[in-house]
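Chains as they are written, first to last, in numbering that gives the first Met the number 0: chain A, 0 to 347; chain B, 0 to 360.
Wrong hints could be hidden among the right ones.
To be verified - Label-pair restraints from in silico Cβ distances:
(1) Glu77(A) x Glu145(B): 56 to 64 angstroms
(2) Ala21(B) x Gly63(A): 52 to 60 angstroms
(3) Met0(B) x Val216(A): 55 to 63 angstroms
(4) Arg1(A) x Gly267(B): 35 to 43 angstroms
(5) Ala207(B) x Pro212(A): 39 to 47 angstroms
(6) Glu77(A) x Met0(B): 50 to 58 angstroms
What the hints assert, rightly or not - Examples of chain A residues lying across from chain B (beta carbon under 8 angstroms, computed):
(7) Gln32
(8) Tyr34
(9) Asp60
(10) Gly63
(11) Ile64
(12) Ala65
(13) Ile69
(14) Leu108
(15) Leu111
(16) Ala113
(17) Asp114
(18) Leu115
These aren't lab readings, by the way, just hints derived from the structure by calculation. The beta carbon of each residue, even a glycine, is placed where N, CA and C say it ideally should be.
Here are the chains, one letter per residue:
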Amino acid sequence: MRIVVAMSGGVDSSTVAGLLHEQGHEVIGVTLQLYDHGAAVSRKGACCAGQDIHDARRVADHIGIAHYVIDAEARFREAVMKDFADSYAAGETPVPCVRCNQSVKFTDLLALTADLGASHMATGHYVQRVDGPDGAELHRAVDPQRDQSWFLFATTQSQLDRSLFPLGGMPDKATVRAHAQRLGIQVADKADSQDICFVPSGSYADVVAKLRPDAAVPGEIVSESGQVLAVHDGIARYTVGQAKRLGLATHDGEQRRVVLALDPATRRVVVGPKREGTTTVRLREMNWLVPPATRRCTVKLRAREVPHGAVVSAEGVVTLDAPALPAPGQACVLYDGSRVLGGGFISA
Amino acid sequence: MIYLDANATEPLRPAARDALIAALAVTGNPSSVHGAGRAARRILEEARETLARRFGGRAGEIVFTAGGTEADALAVHGLGQGRRIIIGATEHEAIRAAAPDAQVVPVDRQGRVDLDRLGALLAMGPALVCLMHANNETGALHPIAEAAALCRAHGALLHVDAVQSAGRIGASLTGLGAHSLALSSHKMGGPAGAGALLLSPDAAAVFAPLIRGGGQERGRRGGTHATAVIAGFAAAAEGCATTIDLAGLRDRAEQAAMQAGGAAIMAGTDRLPNTAAITLPGVPAETQVIALDLAGIAVSAGAACSSGKVARSHVLDAMGLEAAAGQTIRVSLAWNTTQADIAAFADAYRAVAARLLRRNA
Numbered sequence: 000m001r002i003v004v005a006m007s008g009g010v011d012s013s014t015v016a017g018l019l020h021e022q023g024h025e026v027i028g029v030t031l032q033l034y035d036h037g038a039a040v041s042r043k044g045a046c047c048a049g050q051d052i053h054d055a056r057r058v059a060d061h062i063g064i065a066h067y068v069i070d071a072e073a074r075f076r077e078a079v080m081k082d083f084a085d086s087y088a089a090g091e092t093p094v095p096c097v098r099c100n101q102s103v104k105f106t107d108l109l110a111l112t113a114d115l116g117a118s119h120m121a122t123g124h125y126v127q128r129v130d131g132p133d134g135a136e137l138h139r140a141v142d143p144q145r146d147q148s149w150f151l152f153a154t155t156q157s158q159l160d161r162s163l164f165p166l167g168g169m170p171d172k173a174t175v176r177a178h179a180q181r182l183g184i185q186v187a188d189k190a191d192s193q194d195i196c197f198v199p200s201g202s203y204a205d206v207v208a209k210l211r212p213d214a215a216v217p218g219e220i221v222s223e224s225g226q227v228l229a230v231h232d233g234i235a236r237y238t239v240g241q242a243k244r245l246g247l248a249t250h251d252g253e254q255r256r257v258v259l260a261l262d263p264a265t266r267r268v269v270v271g272p273k274r275e276g277t278t279t280v281r282l283r284e285m286n287w288l289v290p291p292a293t294r295r296c297t298v299k300l301r302a303r304e305v306p307h308g309a310v311v312s313a314e315g316v317v318t319l320d321a322p323a324l325p326a327p328g329q330a331c332v333l334y335d336g337s338r339v340l341g342g343g344f345i346s347a
Numbered sequence: 000m001i002y003l004d005a006n007a008t009e010p011l012r013p014a015a016r017d018a019l020i021a022a023l024a025v026t027g028n029p030s031s032v033h034g035a036g037r038a039a040r041r042i043l044e045e046a047r048e049t050l051a052r053r054f055g056g057r058a059g060e061i062v063f064t065a066g067g068t069e070a071d072a073l074a075v076h077g078l079g080q081g082r083r084i085i086i087g088a089t090e091h092e093a094i095r096a097a098a099p100d101a102q103v104v105p106v107d108r109q110g111r112v113d114l115d116r117l118g119a120l121l122a123m124g125p126a127l128v129c130l131m132h133a134n135n136e137t138g139a140l141h142p143i144a145e146a147a148a149l150c151r152a153h154g155a156l157l158h159v160d161a162v163q164s165a166g167r168i169g170a171s172l173t174g175l176g177a178h179s180l181a182l183s184s185h186k187m188g189g190p191a192g193a194g195a196l197l198l199s200p201d202a203a204a205v206f207a208p209l210i211r212g213g214g215q216e217r218g219r220r221g222g223t224h225a226t227a228v229i230a231g232f233a234a235a236a237e238g239c240a241t242t243i244d245l246a247g248l249r250d251r252a253e254q255a256a257m258q259a260g261g262a263a264i265m266a267g268t269d270r271l272p273n274t275a276a277i278t279l280p281g282v283p284a285e286t287q288v289i290a291l292d293l294a295g296i297a298v299s300a301g302a303a304c305s306s307g308k309v310a311r312s313h314v315l316d317a318m319g320l321e322a323a324a325g326q327t328i329r330v331s332l333a334w335n336t337t338q339a340d341i342a343a344f345a346d347a348y349r350a351v352a353a354r355l356l357r358r359n360a
């Protein structure tokens, strides 16, 4: 098979390329240039390409496969970075990795895959593709520590049918590194990437402020009754459930306050004692990987949490068995055991 | 692999390879007093005379550089002191980056500089005008003789980047009426690593060096010469005088592309004989380049960044191509391109275009 491998320059996707090549496939390595690295690290004269792109090219050369760098900057800026900033400005907490998977990777790169006459695209994601009676199914990775299924819930059935995830069945990361060593891949010891790729310094609020200055305008931190307790330096720095950065509003007597809501229109951060939460979660932009219907399932409202028991309707209304604190903008992913049934973004 | 990316680099000519290898065996620094130095010096001076014979000017006013980019930058620095810099909108990055504050003269749909606008800018005072003889992406030829006459009339200096034209069409410092001319070894089938800036006597008189070093090149460019590379450069310059006419093969490649749904946007214009710019409507140029590479055909698009990504072409943008600017590839024939190569290109292009047009319909 001719297979396009999305190579980030890290050990996971490098190993995928090496393994598929070893199995005799015609592998084409593609690396997406998502943003101007020189501008992101604010170093004038720095190359537009980060070290990762050079690493990917070196690995492809070592394996002996063709490798190309695709300019996805404009699309990434529009579909991921702008959405990221807009979401914070609207008082939500976005998941840029899901947006990137939805647009740049599983739409554009799959289109390129077809353009190049390749049957499949493979990535280094830790999820399993299981071929079931009705086509490809998306399942959690074997290694629960590495499972990335939450970030891939928006992959459509037709995208899934043309995707391969060779690392989903690996027992652990050490095994992947061992394969990388065996294949002589130089990045075998490279550290895992962290956090959000286009926020190299770790200050996402600065990125938001640059794209949406209105989200960095100071405002008030108020109680549920509207009493002003403190001031803040932009609602982009807050998310529902957060207990940090509340200043003078941190405590109500002995009790700690948390963020209950964000109001972008008045730039107010509403705080109060931690609530019991809600049992009803409305989802938008639903993606179903099974026929939509009212179903008993488990759901994850955050990337890293123990799944909640719930019932979901075909329209995307989730009724939790026990109350929880969903953050608008985050994903709610539906599972049946290890299988991803679909999911959506949490509405305010 | 069928190599049709000669404007990026030409295949090494056998005579250049022989001259390079022979000169590598010569130990000696051309600046040394002893016999070994004199042997190296002889290679260097013979190369200088060859270039003067082929590309005009006086041997003593040829400055060897590390390549075309350095020759262009040296012209801007060496001749631009106290003058405004005026450049064409489609100049190579070698010029654009060396003159970031330059006044830019627009080009027409065929990539030719607007002489009226140039004249108007020249009327504003002392200037150095930088124009390329032939464009690297389209092969378009600027009206250099007319531009040179304008420069003379206004007392301006004219630097011509002849990196793509030298060896492919007649290109000489004196013939074009320029004050300086930039050349590159590997664009004429020599080894990469050498270039030259040819100066007219007027230009030589006002030239300000950038790297002084040990005073080599009559104080115009310091640093020990790459003698062997320069020997290969001169052999290539000699060899490209007998280049076969590639226009017929180029036209055949364009016809094949047009039958498959492509558009040869420079067909019928005054341009280099080896260069074709072909648009496949609706298909990103980088996809075309990759698909053709996988089919064994080496072509290019836009300007390659050091990351390898294909950046949008400022040349095609300046020509007013709009969306087509991002959907156009460059096919540039090499000195040794054959009929069989073009037939293979035609087959591959047909197959690739059929798939891409179906997918992007």
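Against the structure, the hints:
1. Evaluation of the 56 to 64 angstroms hint for glutamate 77(A) and glutamate 145(B) yields a failure: the beta carbon distance comes to about 44 angstroms.
2. Against the hinted window of 52 to 60 angstroms, the Cβ-Cβ separation of alanine 21(B) and glycine 63(A) comes to about 35 angstroms, which falls outside the hint.
3. Evaluation of the 55 to 63 angstroms hint for methionine 0(B) and valine 216(A) yields a pass: the beta carbon distance comes to about 57 angstroms.
4. The supplied range of 35 to 43 angstroms is met by arginine 1(A) and glycine 267(B), whose beta-carbon atoms lie about 38 angstroms from each other.
5. The hinted range of 39 to 47 angstroms is satisfied by alanine 207(B) and proline 212(A), whose Cβ atoms lie roughly 46 angstroms apart.
6. Remark: the range hint 50 to 58 angstroms for glutamate 77(A) to methionine 0(B) is contradicted by a beta-carbon distance near 36 angstroms.
7. Restraint check, glutamine 32(A) versus chain B: the minimum CB separation of about 5 angstroms is within 8 angstroms; hint holds.
8. Of the supplied interface hints, the one on tyrosine 34(A) is violated, with its beta-carbon coming no nearer than about 12 angstroms to a beta-carbon of chain B, more than 8 angstroms.
9. Interface hint status for aspartate 60(A): violated, as the beta-carbon distance to the closest one in chain B is roughly 11 angstroms, over 8 angstroms.
10. Interface hint at glycine 63(A): violated, since its Cβ lies 15 angstroms from the closest Cβ of chain B, which is beyond the 8 angstroms cut-off.
11. Checking isoleucine 64(A) against chain B by beta carbon gives a least distance of about 11 angstroms; that is not within 8 angstroms, so the hint is violated.
12. Against a cut-off of 8 angstroms between C-beta atoms, the interface hint on alanine 65(A) holds, since the closest Cβ of chain B lies about 7 angstroms away.
13. Interface restraint check for isoleucine 69(A): the shortest CB-CB distance to chain B comes to about 6 angstroms, inside 8 angstroms, so the restraint holds.
14. With its C-beta approaching chain B no nearer than about 11 angstroms, leucine 108(A) sits outside the 8 angstroms limit, and its interface hint is violated.
15. At a threshold of 8 angstroms, the smallest CB-CB gap from leucine 111(A) to chain B is about 6 angstroms, leaving the interface hint in force.
16. Restraint check, alanine 113(A) versus chain B: the minimum CB separation of about 6 angstroms is within 8 angstroms; hint holds.
17. At about 5 angstroms, the closest approach between the beta carbon of aspartate 114(A) and any beta carbon in chain B falls short of 8 angstroms, and the interface hint on this residue holds.
18. With its C-beta approaching chain B no nearer than about 6 angstroms, leucine 115(A) sits inside the 8 angstroms limit, and its interface hint holds.
Going through the hint list in order, the structure does not satisfy hints 1, 2, 6, 8, 9, 10, 11 and 14.
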